[in-house]
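So in the working numbering, the last spot in the sequence shown is 283, and the numbers never skip.
Derived by calculation from the structure, the hints in this document are not laboratory data.
Don't take each hint at face value.
Label-pair ranges, simulated between beta-carbon atoms [unchecked claim]: (1) Ser121 <-> Gly87: 18 to 28 Å; (2) Asp185 <-> Thr109: 56 to 66 Å; (3) Arg201 <-> Glu175: 37 to 47 Å; (4) Val184 <-> Ala95: 16 to 26 Å; (5) Val94 <-> Ala177: 53 to 63 Å; (6) Arg201 <-> Gln103: 34 to 44 Å; (7) Glu175 <-> Arg90: 21 to 31 Å; (8) Thr61 <-> Glu198: 32 to 42 Å; (9) Leu229 <-> Asp194: 26 to 36 Å; (10) Ala269 <-> Glu175: 21 to 31 Å; (11) Ala209 <-> Pro129: 53 to 63 Å; (12) Ala92 <-> Val69: 44 to 54 Å; (13) Ala92 <-> Glu198: 50 to 60 Å.
Note that the Cβ used here is the ideal one computed from N, Cα and C, for glycine as well.
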Amino acid sequence: MTTIAVTGSVVHRHRAERGVVHLSLVAEGTDREAVVAEAESLHAQASEQATGHRRQGAATWWSAQDVTVGPVAPPVRWDADGTSSAPDPDLPTRFRARSVVVVRFSDFAALSAWVSELARVDGVSVDALECSLGHDSRAEAERAARVAAVADAVTRAGDYAEALGLSQPVLVAVFEPGLRPGAAGGAATFGLARASMSPAGGAGGFDLAPADIEVHAEISADFTA
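Please construct the entire structure, taking both the sequences and the accompanying hints into account.
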């Protein structure tokens, strides 16, 4: 009997179903009370709008987190000879307040419109835009990728057996990455890659174009023939 060891892999691409926007809401100034009040107002505005999108069905989920408030480190002074010196002690202490809001949209048109609106608001920073599959679609896509990776391994083994003039190969074992005995450990490559979004070039506003989602899977398998 001859042992045939092969890998099987696949990459499937799917249309994005969800868009996630990460927002930072920031206020800064020398009056701590005023800074906190401004940050609270920005946070309340973003949270209220996120709740509205959720109720209207344009968004599926949102969260508010990571609130930080504190003094800002004063700028370093640079002398004429290129050396640094202590900050100017006469400068007033500046304070900074920041919170984070993350919203997951199922309606990309609503997401585009909201991002365009937020881009014009002082104190709001759009930190990241990601796209992904919905929960049910993701599970099904990952299952399909696993099945396809095994089918690829079976095809490879059959091709080698035919080229060598051997009988139809019989499966002995299947291994996910890092689980083959004696092989170096590693993270399994079953998974889903989140993609970013970019402007589509439409006139007016941010007409976002979600990238396809890549779902990949890889296994190794032993056959005898």
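Comparing the hints with the structure gives:
no.	hint	result
1	Ser121 <-> Gly87: 18 to 28 Å	27 Å, holds
2	Asp185 <-> Thr109: 56 to 66 Å	20 Å, violated
3	Arg201 <-> Glu175: 37 to 47 Å	38 Å, holds
4	Val184 <-> Ala95: 16 to 26 Å	23 Å, holds
5	Val94 <-> Ala177: 53 to 63 Å	24 Å, violated
6	Arg201 <-> Gln103: 34 to 44 Å	41 Å, holds
7	Glu175 <-> Arg90: 21 to 31 Å	29 Å, holds
8	Thr61 <-> Glu198: 32 to 42 Å	34 Å, holds
9	Leu229 <-> Asp194: 26 to 36 Å	30 Å, holds
10	Ala269 <-> Glu175: 21 to 31 Å	23 Å, holds
11	Ala209 <-> Pro129: 53 to 63 Å	60 Å, holds
12	Ala92 <-> Val69: 44 to 54 Å	52 Å, holds
13	Ala92 <-> Glu198: 50 to 60 Å	51 Å, holds
This entry does not satisfy hints 2 and 5, going by the numbered hints stated previously.
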